[in-house]
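Sequences and hints are given; from them, build the entire structure.
Protein chains: 2
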Amino acid sequence: MPSHLERLRHLLGEVFDLRAASAVLEWDQQVNMPPGGAPNRAAQLSTIGRLAHETFISDEVGAELDAAQGEAASLDPDSDDARLVRKVRRDYTKARKVPAEFVGEFARVSALAQGAWTRARPADDFASFAPHLEQVFEMRRQYADFFAPYDHRYDAMLDDFEPGLKAAQVKAVFDELRPRQVALVRAIQERGRPVDDAFLHLDYDLQKQWDFGVEIARAYGYDFNRGRQDKSAHPFTTSFGLGDVRITTRFYPKLLTSSIFSTMHETGHALYDQGSKPSLDRTPLLGGTSLAIHESQSRMWENFVGRSRAFWSGFFPRLQALFPSQLNKVDVEAFYRAINKVQPSLIRVEADEATYNLHIMLRFDLELALAEKSLDVRHLPEQWNAKMKEYLGLTPPDDKDGVLQDVHWSTGYMGYFPTYALGNLIAAQLWERIQADLPALHQEIARGQFGSLLAWLREHIHQHGGKFEPVELLQRVVGGGLSAQPYLRYLESKFGEIYGLS
Amino acid sequence: MPSHLERLRHLLGEVFDLRAASAVLEWDQQVNMPPGGAPNRAAQLSTIGRLAHETFISDEVGAELDAAQGEAASLDPDSDDARLVRKVRRDYTKARKVPAEFVGEFARVSALAQGAWTRARPADDFASFAPHLEQVFEMRRQYADFFAPYDHRYDAMLDDFEPGLKAAQVKAVFDELRPRQVALVRAIQERGRPVDDAFLHLDYDLQKQWDFGVEIARAYGYDFNRGRQDKSAHPFTTSFGLGDVRITTRFYPKLLTSSIFSTMHETGHALYDQGSKPSLDRTPLLGGTSLAIHESQSRMWENFVGRSRAFWSGFFPRLQALFPSQLNKVDVEAFYRAINKVQPSLIRVEADEATYNLHIMLRFDLELALAEKSLDVRHLPEQWNAKMKEYLGLTPPDDKDGVLQDVHWSTGYMGYFPTYALGNLIAAQLWERIQADLPALHQEIARGQFGSLLAWLREHIHQHGGKFEPVELLQRVVGGGLSAQPYLRYLESKFGEIYGLS
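Just so you know, the protein sequences line up as chains A and B, in that order.
Everything in the first sequence is counted per the numbering used here, starting at -5 for the first residue and increasing by one.
Everything in the second sequence is counted per the numbering used here, starting at -5 for the first residue and increasing by one.
Read the hints as simulated data drawn from the structure, not as lab findings.
One or more of the hints may lead you astray.
No copy labels: a pair is met if it fits in one copy or bridges any two.
[What the hints assert, rightly or not] Here are the simulated DSS-like cross-link-like pairs (lysine-lysine), alpha carbons at most 30 angstroms apart as the crow flies:
1. 248 <-> 323
2. 488 <-> 271
3. 383 <-> 91
4. 394 <-> 383
5. 91 <-> 165
What you are looking at is a predicted structure, and each value in this text was computed from that prediction instead of being measured.
Next comes the structure, spelled out in structure tokens:
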């Protein structure tokens, strides 16, 4: 006779399978699908999304959850089962507020919107995308209203990606960050020693870029037996279970850094997803606990490791050997400075560490206004450009590299962007802790050895999957809550040195 | 207020979506999935397969079907709606006999078996695959027994792929074919003018093979906006709806013909799937009506078109231009003879037209014995080799190129192989009709024009999707039933001429 916990796990396993199947369909949509496949794919995602939701919010799950909660009461509160019940209770309570028909319809609408974005971006055609976007935003607002009352409608949107986070907290942290980040960027522009990165914009063979990225991903510890890399318009990581965690990258012939750092970034996500304890597979606890924690992993491997002097003292000779004509006259110090050049720019995913969060603040401001309905989609391009001018001093020449640059809104990910900035902050908090725990880390990185760093992350972060909520996990690991100070310290120290600001 | 027909279509649309999602997962499994993904994928396919089946056999579908049948009674019996109801009634009656748990379990077992086959074949390791195969066959027998009583257990297996076909009919047709095919092959070996095909086995660049295959697929009329080509261990065609019909091919550096003819073959399947009327999309009537009719399309484009003198009089100069060092000293007549060389060989998918059906008869004999349980899986390799000796005079040097060569059994496709041979016969029946209707066809093919052939197939076969059962479709198009005579006439005439048998 199976226990209620076992029966609950069985039902949740089916929900997991359906969501994993959706993830495969979405991955395929971005990586492989021919244009004609869009309408059928939207229908498939809608049906599966609705079925996953229906199965999850069924009375049967509710009854098993109630009973399993009784069984779990006597367990260690940090055991897998106790944590599973706790997380499922939270998710179930939320999900019961959303009708299955709504979930199916939202999957359909956002699949079509994503197809429209894929066509609109290269054509620089915001007008054709706008009606889709308006529909997505309207449904996202309806979604948030299922959770009324709230302090702010945006809170319900944030909660999907960062459980418990409020718009007011994000605003407070951003207000702490903004003046010092803006001051740093200004100081660099006014007083910094100029950095030359022209050699990063020569012709770089795409196949060699691919090979170098794969070499780094492997060195970091990404397991290609349980994953693969592909190309897509927007790099992303996706998981279909512990045995199949995939990354995508994009490649430009005249921007060497794009593929390298996006591969590092997605590898950081993938290492987190590949690192859950096997017992969490096919349960809601598999994978990361929140997007900000996830982003702390990707940004750590991309920036704290991948844009460090130590890393390139080991890997630069390898890169030179692949691209001798472009790099033979460049020394590692010049390369280090070039890949850390601070320059306000249009594209978030290519932004340097000092300006990155400003791209996020821009999106956060717009999303707040969209959530409140004080901004109309028709005016989004001009508002985007106005904020771009205000925060970064730039005006996009077109929408392609402006408001159309990110896939997120088309997929309904409103409330997602702030987690990118918070990920930077958390990465810095973790990094201070790691440096204290692993005194030889820099020497290891210089030798191309990442084993003890990965082991540390596996032990303290990865293995737990979604067992601990983000705030709780942070408390366990760094002994405190979210703070902007470590990241500001890191930025000011690193870029002060590079730009000779002292 | 929607009609019952509309409500039935809505429910069937969801079943369609689930099956299409399974097809995406299966395509990904063969084309992309890393090895570690197998267990999760098996669970996903199991859950979705079970849900699709449960949804289809639900009482709700039954009630709407009953009511829709009333509505359809007053319609033209050849209308989409009347045909939909008729087909769904047949499928529903069958499906209700199979428990949903069985369907889920079979999907899981066969997904794992397929993974085991993928590993076992290159390793020439039948022993590791045998337990999976035994499990698949046992479940396939259980499946057939849901339809007892039957004349032969194999009838229920055939019916999944070729509605209404019986083992006794297959046996009768094969008995008609066998003596004349065997006599033809013997005559060629004893009295035929020798054919040299050594130049087909030189080094052929894989990328150029790919490009040439794509050129042919495009010329045939395959719409890449609604499809794509990939590589896989076993070439196949799959459809996720009218807008996304994909083909795969395999490539060997020293066997030029493999990629060319498998691309033509899969393109033939894909043209059928891309050719349904748009109103059939997302219904059970989309796509081919049976596997034998499907195979008639693939074999027609591969052999009747693709291995004809007319085709190569147009395309051989293109091939020479791609591979000058290998082909400049070869004339088109020598090339035509080489690609039609008759030689008993080990691998079905590489077999020439004169020996191909013998490969099928071998499998049919084994499947009958497996269905009857008079043959044990442990003895399959030796029985395979014995039949190979009997029918083709050859002994496989290993299981890799013997009993392990096909993916079909691992996926549970027992009862499928005969449709390949029947496809050859039907292709010949259609071809006689087409030649009568399109007197300029050979000249058009020589000019690389396939438009009127495709238009003929669209009109008489493709557009109808699954509206007409195979026997009925054949009756409508050629005015008679299945016959071996046109294929035997075609073989004896073509190869008599090539080999100077007069």
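Hint by hint, here is what the structure shows:
1. Only within a single protomer do residue 248 and residue 323 lie at most 30 angstroms apart by alpha-carbon distance; the minimum there is 18 angstroms, versus 43 angstroms between protomers.
2. Taking CA atoms no more than 30 angstroms apart as the test, residue 488 paired with residue 271 passes in neither setting, with 35 angstroms inside one copy and 63 angstroms between copies.
3. In the homo-oligomer, the alpha carbons of residue 383 and residue 91 never lie at most 30 angstroms apart, since the shortest distance is 40 angstroms inside one protomer and 67 angstroms across protomers.
4. For the identical chains of this complex, residue 394 and residue 383 are intra-copy neighbours only, at 16 angstroms inside a copy versus 65 angstroms across copies, given an alpha-carbon limit of 30 angstroms.
5. Only within a single protomer do residue 91 and residue 165 lie at most 30 angstroms apart by alpha-carbon distance; the minimum there is 27 angstroms, versus 60 angstroms between protomers.
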